[in-house]
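**Q** Listed in order, the protein sequences are those of chains A and B. Residue numbering for the first sequence follows the UniProt record's numbering, starting at 1 and increasing by one per position. Residue numbering for the second sequence follows the UniProt record's numbering, starting at 1 and increasing by one per position.
All clues given are correct.
Chain A stretches covered by chain B per the calculated footprint, using a threshold of three residues with CB under 8 Å from any CB of chain B: (1) 206-213; (2) 320-332; (3) 336-346; (4) 539-545.
With a straight-line cut-off of 25 Å between C-alpha atoms, the simulated SDA-like cross-links for lysine to any residue are: (5) B/Lys61 <-> A/Ala328; (6) B/Lys61 <-> A/Leu836; (7) B/Lys61 <-> A/Met843; (8) B/Lys61 <-> A/Gly840; (9) A/Lys508 <-> A/Lys532; (10) A/Lys507 <-> A/Ala493; (11) A/Lys508 <-> A/Leu438; (12) B/Lys61 <-> B/Ala75; (13) B/Lys61 <-> A/His696; (14) B/Lys61 <-> A/Val837; (15) A/Lys664 <-> A/Ile642; (16) B/Lys61 <-> A/Ala845.
Taking CB as the label site, the calculated pair distances span: (17) B/Leu74 <-> A/Leu829: 31 to 41 Å; (18) A/Trp709 <-> B/His148: 31 to 41 Å; (19) B/Asp100 <-> A/Ala695: 43 to 53 Å; (20) A/Leu836 <-> B/Leu74: 25 to 35 Å; (21) A/Gly325 <-> B/Asp100: 46 to 56 Å; (22) B/Leu74 <-> A/Asp698: 27 to 37 Å; (23) B/Leu49 <-> A/Lys437: 48 to 58 Å; (24) B/His148 <-> A/Leu836: 33 to 43 Å; (25) B/Asp100 <-> A/Lys645: 40 to 50 Å; (26) A/Ala695 <-> B/Val81: 23 to 33 Å.
For the record, the hints were derived by calculation from the structure and aren't laboratory data. The beta carbon of each residue, even a glycine, is placed where N, CA and C say it ideally should be.
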Amino acid sequence: MNTDAPGEASDDDRLDVRLDDRAKRLLDAWRTPTGWRYWTAVNNSEVGLWYVVASFTFFLFGGILALLMRIQLALPDNDFLTADQYNQVFTMHGSVMMFLFAVPILEAISILLLPEMLGARDLPFPRLSAYGFWCFVIGGVFVCGSIFFGVAPEGGWFMYPPMTTEYQTGVGVDIWLLGLSFIEVASIAAAVELIVGVMKCRPPGMQLNLIPLYAWYILVVAVMILFAFPPLIAGDLLMELQRSLDWPFFDASRGGDPLLWQHLFWIFGHPEVYIVFLPSIALIAMIVPTFARTPMVGYGWIVLAAVGTGFLSFGLWVHHMFTTGLPAISIGIFSAASQAVAIPTGIQLFCFIATLLIGRVTKSVCLLFTLGGLATFIIGGLTGVMVAVAPFDYQAHDTYFIVGHLHYVLIGGTIFPIVAGVYYYYPAVTGKQLSEKLGRYAFWLMLVGFNVSFFPMHLSGLLGMPRRVYTYPAELGLGTLNLISTVGAFVLAIGFIVFLYDVLRSKKNQPLVPRNLWNAGTLEWLGEVPDKPWGVRSIPIVESRYPLWDQEDFVEDVDAGRFYLPDAEEGLRETLVTSVVDAKPIQCLRVPGPTFLTHFAAIFTGGVFILSTYHWYVAATISGVLAFITILVWLWTGTAPIPEKQEKDVGRGLTLPIYVSGSKAVGWWAMFITMLGDMTAFISLVFGYFFYWTAHDDFPPNGSSGPGWIWPSVAMLTMLLAYLATLAARRWNRQDHAVRFYGAIVCGVVLSIAGGLAVLYGPWTHQMDPTAHVYPAIVWVLAIWTALHVVLGVVMHLYCAARRAAGRMTARCDADIVNVTLYWHFLMLTTAITCLVIAGFPMVAK
Amino acid sequence: MLGDRRIPDGGEVMAMTETRNRDEIYKTDHVTSIWWIVAAPAVWAVHFLASYLTAAIFCAKFADSDRSAGEVQLAVMAYTVVAIMIIAGVGWSGRRRHRDGHDRSPHDGATAADLRRMIGLSTFLLSLLSAVATIFTALVFYFVGTCH
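Start from the sequences and build out the full structure, keeping to the hints where you can.
**A** See below:
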């Protein structure tokens, strides 16, 4: 059950391995474009690397903003920054660190490494990853750039109204709302990619009890993103509607409620903390077994911790709102859940400690950062339990105690493990090792600097220093503590500079590392040095959690192409799709290669958000149309192509279909997952409707007729018929009844248009003025949301008809109509909920 | 490297023999569901949301002038009984699958039996956590009986 250490083979031996014809074909298929076309690459190893570099660049930018703040606060009554500048700086610091670093870096590392960990050639939708990346870069530069023009947002990273809706009239808030919504779209795209990747792109045999712990964590985190980000997007939509069209969602004088924003923001914001924490813990879960030289203790317990934390983290959001005057019972249950989440969080830490205790630990900088991170995180976790106790929170709320707490959590729980991950995976990505000596310097500078900087903040907070003040008078006696914090911040920054130097310094004269430098047991260490773009020479059969440790002759078999897909006879990029639970191979998936379409799609999508910020709606609409056309071209040319043959021999005598549709297909899963996110955003809007009813006696206001029941009923009925027509179209396509298929599509289109208009006609004919009161405004939002989805449903109908007419969809190769039908299940649900709420609820409420 | 991690015992040798033919390993026909793992936390989530919404709506719309929330306490007690019963059922079923046969943790074999056991173990552990979290929620209603 043992193998020779793969790292013992010399570099020259590896480089001298002559490629046979099969390997040459495979290499050609996966070759990275060169020259300026390099930037058209969509493969996970390029996109992942760009993503990591871009996220770290934003991190450095956020770090410089932090130093500016510390300079300003070093002395009482300082005037290094004006109040306005300071507001912009702290808002951007928080927003950049959370939206442009913490979340993207997890996606970046996952895109880079997850396929390698799963022995896959790529993730299932490489172009989607590339699109997400370019959206992220464009949105990030746009948001960060605003500070150089003095127009950056200044409402804090949580943008509370009414300050941001009524007292900040510049474009700053719009830049935040639209720029970051744009980036959130990219995050959701990555979440779809990662969920489908973990569930469907594992190597044969890697059933659920054998997947790397990193994959478990990423699966949980991606699902969390799917349910956490949409409420914020819904909130952004409402706030932007208030700012640009004066719909009073957060204006108390017209029935609105600023607290709704806090709910929507924190339903996102608290899971967000775990969204950035769990992937870093996932890195630790990969590092610890390697350096303890033993499998992770308590695999099942760690799965419990990951899944349990994922769930419980959605029950904590109100602990950010303890001081808003909620009933004691509400506060109590959120306080209880905030305590309960400490259980799974603690369990995984015990598993790590136990693994290190029973193993034979080898020292390394990775492990230093891991242990430093865990110790720091535990302190942050304990202060977290303190502030989860409501009476204590009443005292500490909005003071520097909270600033101290959250930085212990985020730097200990996220940044130190990520630095550990960089030291760990740098050799796998670049073939060179970082300096252990410089690493130790960086570690101690960072650890000491961090604690000197942030520990005093607990004290200054308890002494009464509020957050977000640009200065403080000398009489408060906070000068010394703040000066210490500033000194610590600079020591921390020097630590980062050492780390950065180590990463960026030229390593030309440094020898390549041996393969699998750390003697790790998981698949990502199969990569050769220097690495080849194919990901893995042949896709292995996995029988162990640590195949490189446990499976005999594993590396040799992989290298000799003795497993699956060792060849690319057709010159196409291919990877295996397996079943969700037991990883049986079910499809040979062809993935698309380099393209510029993703760039255009990202630029035009960015145009919609960026141009809307300046209220250039005509230009934004043109950009939107161009984005729409680009995405259609992308779908038309790149998705679900009908293969030249139905099946293919993938090696070892196994023949798999190339084209599958329905729940076996990755596209079906992508649609399903995307629609879950979409549904979550919609439910957030519905939550808004009922929130107003709960919180206000005048909702719906007396004398308001509402949208009536007739038109919503007409809408529901016609949409039901359109839905049935969609189901019929799928069926008749499968039976190859062309005429009936097109007939059903035409019926579906006509009925949908009628249904979409009917849902809007209700509020229109009852002259509901969305600027007069929040009631008509929220009804209009639900109606418009539904109508827009109907429009998309019509486009999908027409797309399917065109695909069949063009011979790109057939009775057997019917993924398009199957996925569209899946969309229509959700559309029908959306329509039904909208109509029942806007028409039915006023009758019940009165 | 890890050769001395453990000496295979009889059961493990049997398990290894089962999977000696590596191409056979994915031809297992037993499929167990990932939904089992999330069932208990989902019950916690529903209980949590139902308790929160009941309290929020009752306190906003129906509370008397003395702001007592006795009805909410009763309702949450009922929710809790139902939730704990479901969680206990899920947990028991998970534990049964975890203990199936003579195998012990860590359930890391490439066999359908170990897959089943691992999902059982995760289901069982998550049921314990969900039960604790559900009781945490219920205790709040036991201690706090008003809408103040």
